[in-house]
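J.: Chains B and U are the protein sequences, given in the same order.
If you read the first sequence in the working numbering, its first letter stands for residue 1, the second for the next number, and so on.
If you read the second sequence in the working numbering, its first letter stands for residue 1, the second for the next number, and so on.
Treat each hint with caution, since some may be false.
Straight-line Cα separation of at most 27 Å, BS3-like style, residue types lysine-lysine; simulated pairs [unchecked claim]:
#, chain 1, residue 1, chain 2, residue 2
1, U, K219, U, K126
2, B, K270, U, K165
3, U, K165, U, K30
4, B, K148, B, K124
5, B, K124, U, K342
6, U, K30, U, K219
Looking from chain U toward chain B, a few residues come up when the C-beta cut is under 10 Å (computed) [what the hints assert, rightly or not]:
#, residue
7, G119
8, L346
9, L348
For the record, the hints were derived by calculation from the structure and aren't laboratory data.
The C-beta atom is built at its ideal place from N, Cα and C for all residues, glycine as well.
Take a look at the letters that make up each chain.
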Amino acid sequence: MAVDTSALDTRARLREMPKQELVLPVVIIALIIIGMIIRPGVFLTSDNLLNVLTQASITGIIAIGMTFVIATGGIDLSVGSVLAAASIAGGLLAQYGSWMFMFGAIGFALLLGCINGLAITWGKVVPFIATLAMLTIARGLALWMSEKTPISLIELNILQWFGSGRVLGIPVPALIFVIVSICGWVLLNRTTFGRRTVAVGGNRSAARIAGIRPGRIIFTVYALTGLCVGISAILLSGRLASASPVVGNLVELDAIAAVVIGGTALTGGKATVTGTFFGVITFGLIFNLLNLLNMPTEIQGIVKGLLILVAVALQRRD
Amino acid sequence: MSDAGTSLLEVSGLVKDYPGVRALGGVDLKVTSGQVHCLIGQNGAGKSTLIKCVSGLVEPTAGEVRFEGVPLPVGDPNASIARGIATIYQELDLVPHLSVALNVFLGHEQRRGPLLNQGAMHRETKALLARLGDDGISPTAPVTSLRPAQQQLVSMARALSHSVKLLILDEPSAVLDDVEVEALFGVVRRLTAEGVGVIWISHRLGEVGELGDVVTVLKEGRTVATELPPDTPLDTLIRHMVGGRMEALFPDRRPSREPTVLEVRGLTRPPDVHEASFDLHEGEILGLAGLVGSGRTELVRTVYGLDPAQAGEVRVAGRRLAPGRPDLAIRAGLGFAPEERKSEGLWLDWSMIRNTSIADLSRFRRGPFTDRSSERREATRHLQSLNTQPDAPERPARQFSGGNQQKAVLARWLLRSCKVLLLDEPTRGVDVGARSEIYRVIADLAANGIGIVMVSSELAELLGFCHRVLVLREGHIVDELDGATSSEEDVLRSAVPVHHITKAG
Numbered sequence: 001m002a003v004d005t006s007a008l009d010t011r012a013r014l015r016e017m018p019k020q021e022l023v024l025p026v027v028i029i030a031l032i033i034i035g036m037i038i039r040p041g042v043f044l045t046s047d048n049l050l051n052v053l054t055q056a057s058i059t060g061i062i063a064i065g066m067t068f069v070i071a072t073g074g075i076d077l078s079v080g081s082v083l084a085a086a087s088i089a090g091g092l093l094a095q096y097g098s099w100m101f102m103f104g105a106i107g108f109a110l111l112l113g114c115i116n117g118l119a120i121t122w123g124k125v126v127p128f129i130a131t132l133a134m135l136t137i138a139r140g141l142a143l144w145m146s147e148k149t150p151i152s153l154i155e156l157n158i159l160q161w162f163g164s165g166r167v168l169g170i171p172v173p174a175l176i177f178v179i180v181s182i183c184g185w186v187l188l189n190r191t192t193f194g195r196r197t198v199a200v201g202g203n204r205s206a207a208r209i210a211g212i213r214p215g216r217i218i219f220t221v222y223a224l225t226g227l228c229v230g231i232s233a234i235l236l237s238g239r240l241a242s243a244s245p246v247v248g249n250l251v252e253l254d255a256i257a258a259v260v261i262g263g264t265a266l267t268g269g270k271a272t273v274t275g276t277f278f279g280v281i282t283f284g285l286i287f288n289l290l291n292l293l294n295m296p297t298e299i300q301g302i303v304k305g306l307l308i309l310v311a312v313a314l315q316r317r318d
Numbered sequence: 001m002s003d004a005g006t007s008l009l010e011v012s013g014l015v016k017d018y019p020g021v022r023a024l025g026g027v028d029l030k031v032t033s034g035q036v037h038c039l040i041g042q043n044g045a046g047k048s049t050l051i052k053c054v055s056g057l058v059e060p061t062a063g064e065v066r067f068e069g070v071p072l073p074v075g076d077p078n079a080s081i082a083r084g085i086a087t088i089y090q091e092l093d094l095v096p097h098l099s100v101a102l103n104v105f106l107g108h109e110q111r112r113g114p115l116l117n118q119g120a121m122h123r124e125t126k127a128l129l130a131r132l133g134d135d136g137i138s139p140t141a142p143v144t145s146l147r148p149a150q151q152q153l154v155s156m157a158r159a160l161s162h163s164v165k166l167l168i169l170d171e172p173s174a175v176l177d178d179v180e181v182e183a184l185f186g187v188v189r190r191l192t193a194e195g196v197g198v199i200w201i202s203h204r205l206g207e208v209g210e211l212g213d214v215v216t217v218l219k220e221g222r223t224v225a226t227e228l229p230p231d232t233p234l235d236t237l238i239r240h241m242v243g244g245r246m247e248a249l250f251p252d253r254r255p256s257r258e259p260t261v262l263e264v265r266g267l268t269r270p271p272d273v274h275e276a277s278f279d280l281h282e283g284e285i286l287g288l289a290g291l292v293g294s295g296r297t298e299l300v301r302t303v304y305g306l307d308p309a310q311a312g313e314v315r316v317a318g319r320r321l322a323p324g325r326p327d328l329a330i331r332a333g334l335g336f337a338p339e340e341r342k343s344e345g346l347w348l349d350w351s352m353i354r355n356t357s358i359a360d361l362s363r364f365r366r367g368p369f370t371d372r373s374s375e376r377r378e379a380t381r382h383l384q385s386l387n388t389q390p391d392a393p394e395r396p397a398r399q400f401s402g403g404n405q406q407k408a409v410l411a412r413w414l415l416r417s418c419k420v421l422l423l424d425e426p427t428r429g430v431d432v433g434a435r436s437e438i439y440r441v442i443a444d445l446a447a448n449g450i451g452i453v454m455v456s457s458e459l460a461e462l463l464g465f466c467h468r469v470l471v472l473r474e475g476h477i478v479d480e481l482d483g484a485t486s487s488e489e490d491v492l493r494s495a496v497p498v499h500h501i502t503k504a505g
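My request is simple: use the sequences and hints to build the entire structure.
T.: Structure follows, in C-alpha cells:
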C-alpha cells in the first residue's frame, strides 16, 4: 500500500511538473557546453561561474519575491525604483554604521512594499497601476532624499563585505541569493502561507469560500517583495560602496522575465521558485557568454527579448 | 387575437446533447405570425436551450428548424437575424456606456462616408421607440441612465431596427414591476397587430392567460403539451410542468434532534433577501425552494457571510457571526458548497487531496511547515468515507466526474468538522445515476448531527428527503412546508408570482 501510493505520487508529481523545470536545466547545460566550446579555459572556471551567480543575485533575490506576487495574479513594477530608494534610505543612516544602513534599507523597502499592498487590497487599485505609481514615487523619493547625489559608503566595511566578500571562496551575494531561493521554495511549497498564496491566485472566490482572506495574502506578498528588494539594496550598495538614486532601472522587467520563463503563470495560481531560480541563471549565463564574446549590449537586449518570446511560447504548448 | 396568421417557425424533433446531459430530447413547436406563443416549464426544462437553437447561438444535435418554410442554417446567429428572428435575453446585452441610438444600431451603424451618421440614427431610434409606445427615452442618453424597463425597450428597438418577424422574449417580466409589465403587454400587442410572431417565456403563469394565444409546456427537454388554449386552468399547466413524479432513490428521513444549530433572524440584503428568519436543528435537512431569482442562492451566501447582510443576524450554536466574514463563519462551524462548483468551489488543477484540505490547513501545521503526510492521510480518509472514486486522490480534480468533485467539496467540510452545511444546488452537473449517491451522503451527514440547508431547483429532490422546505418568492420566505407530506404543486403554488391571475383561475 505504502509503496503503491508513493509510486502514484511520483508519477503525479512528474505529470504536475511544469515543462520549464525540465527545459531550463537543459538550456543551462547547453549554454555551458557552448561556453566551453567558444571560450575554452575562460568560461568553465569556478571564478567565472561564481561571477555569473553574483551578477545575477541582485535581480535574482527580487525575482524570488516577484514569484509570490505573480502567483497571486499580481505584478510589481516598482521594484527597481524601490531598490534605489532603499539604498538611499540606508545611505542617510550610513553615519551610524553598516547595521543601521541595513536597517534603513530593509525598513524602507518593506514600508514601500506595504504601501503597495495597502493600495491594492484596501485601496482596490489594480496591481499594475498601484505599483506603476510606486515606480515613479519611489524614484522621486530616491532623487529627493539624496539631492540627486550618490552617497559614499566607503567607510562601511561590513556592508562592503556583504557586497563583495567571500565565505569559503563563495561570494557573499551568491550565497545569499541561494539562501533566499531555498527559503522561498520552502515558503511556497511547505507552508500554509504558500498554499494559500497559490489558492488565491488560482481561484479567488473559491479561496474566500474556503475561509482564506485574500486581502491578507495579497498584502503579504507585496510586503515580502519589499523585503527582498531591501536585501538586494544591501548587496548592491555594498558592492558599489555607494548608494545611488539612479540604480535599478528596468530591474522590474528582468525580474518579471526570469519569473515568467521559469514557468510561473502571469495569470496566477501556478508558481515555481525552482523555475525562477533557473530563469535567473539562464539570463545570467547568456549575458556572461555575450560579454566574453565582447558582444555589444544592444545584442544582449535582442537575445534576451527573443529568449522571453520563445520560452513563453513554449509554455503555452502545455 | 390571432387572425389566421401564416406559419412562421416550425421546430420539429429538436435534440441537443451536451457531454453527459441531454438538454433537449425531441421538441416540437409551431409559431404563426401575429401570435403570442407562451413557452413555460420548470428550471432546466430546456426553454433557454430551445431558443438558443432557434436564434443560432447553439447548434442542435438533431432535428430541424424551419423559418417561413425554409430550413434555418444551424449555429449561425447572423443568419437568424438576417431572416428576421430577434431574441431578447434575460440578461440584457446592451453596452452600458454607449448611447441609446448607438446600442440600437450596434453592428449595423449607419454611416455617411467613413463617419457615423448620428443624426439619422437618432431620428430612426426616436421613431422605433415611438412605435414601441415610449418617446420619453432620449436617443443620446447613455443606457446606464435608464431603468431596466426602458433598457428592455431599447433592446426591442434594436430588434425592430432589423425588420423583425419573430420576436423571442426570455423572461421579459422578471425585472419589471406590475405597471411596467402592463406597458410591455401593450407593446407586444401592438407588435402582434403588425403581424410579428412572439415567443414569450415566463415563470409567471398568470401572464399566460392574459397575453398568450397558445401555450407550450416543456419538461425535461421534451414538449409535453402544445397548442394549449390560453384559458387552460393554472392547475392543469402546473400538472403538465411537474408531470409524473420521478421516483428517485431517496434515502429515508431520519429524525432530527432538538438542539438548534443555526438561527437566522431578520436577515436582510436588498434587493435579494428580505427579513429572512428560520431555525435549523441538529441532523435536520432544510430545503430552500423557489424560482430562479427568488433569492435562494443570495440567502445562503448572506448567511455564510460571502455577501454582507444589511440587517439581521445569524447565530451558529448560539454564537453570533460577523457579517461579511466567511472565515469567521467557518470557525463557528459553517461550511458551504457553492452552486458554481467549478468556478467557485474547486481548484481544478489541484489534486483532490489539496482541494479537500484547503479549508483547514492550519491543522496540518507542524512548526512553520505543513505536514504533508498527515494532510494526505486525513484528506484521503474523508474522501473515502464519502465513497469517492478511490484511484489516486493525487490526480487533479479536473479529471473527476461532477459527483466526485462534489464529494471533494463535502469532504473538505467533513475534515473541518463543521456543524452546519449550506449546499447550493448540490446535484447540479451530477449525472442522474450518481445523484442518489449524493443524496445518501447528505442524509448520512445529517444522521451524524450536521444541520443541512439545501437549495435546489429540483422539487423532487427537495420533497424526496428534506425534513422541511422553505419556499422563497422575490426575496421573502413565503411558506414553510413539511417535506414528507407536501407535493410539488404545493411548492409551485407558493413559488410562482401570480401577479396577473385575472382570467386564469
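J.: Against this structure, judge whether each hint is valid.
T.: Consistency of the hints with the structure:
no. : hint            : in the structure
1   : U:K219 x U:K126 : violated (41 Å)
2   : B:K270 x U:K165 : violated (51 Å)
3   : U:K165 x U:K30  : holds (14 Å)
4   : B:K148 x B:K124 : violated (33 Å)
5   : B:K124 x U:K342 : holds (26 Å)
6   : U:K30 x U:K219  : holds (17 Å)
7   : G119            : violated (39 Å)
8   : L346            : holds (6 Å)
9   : L348            : holds (8 Å)
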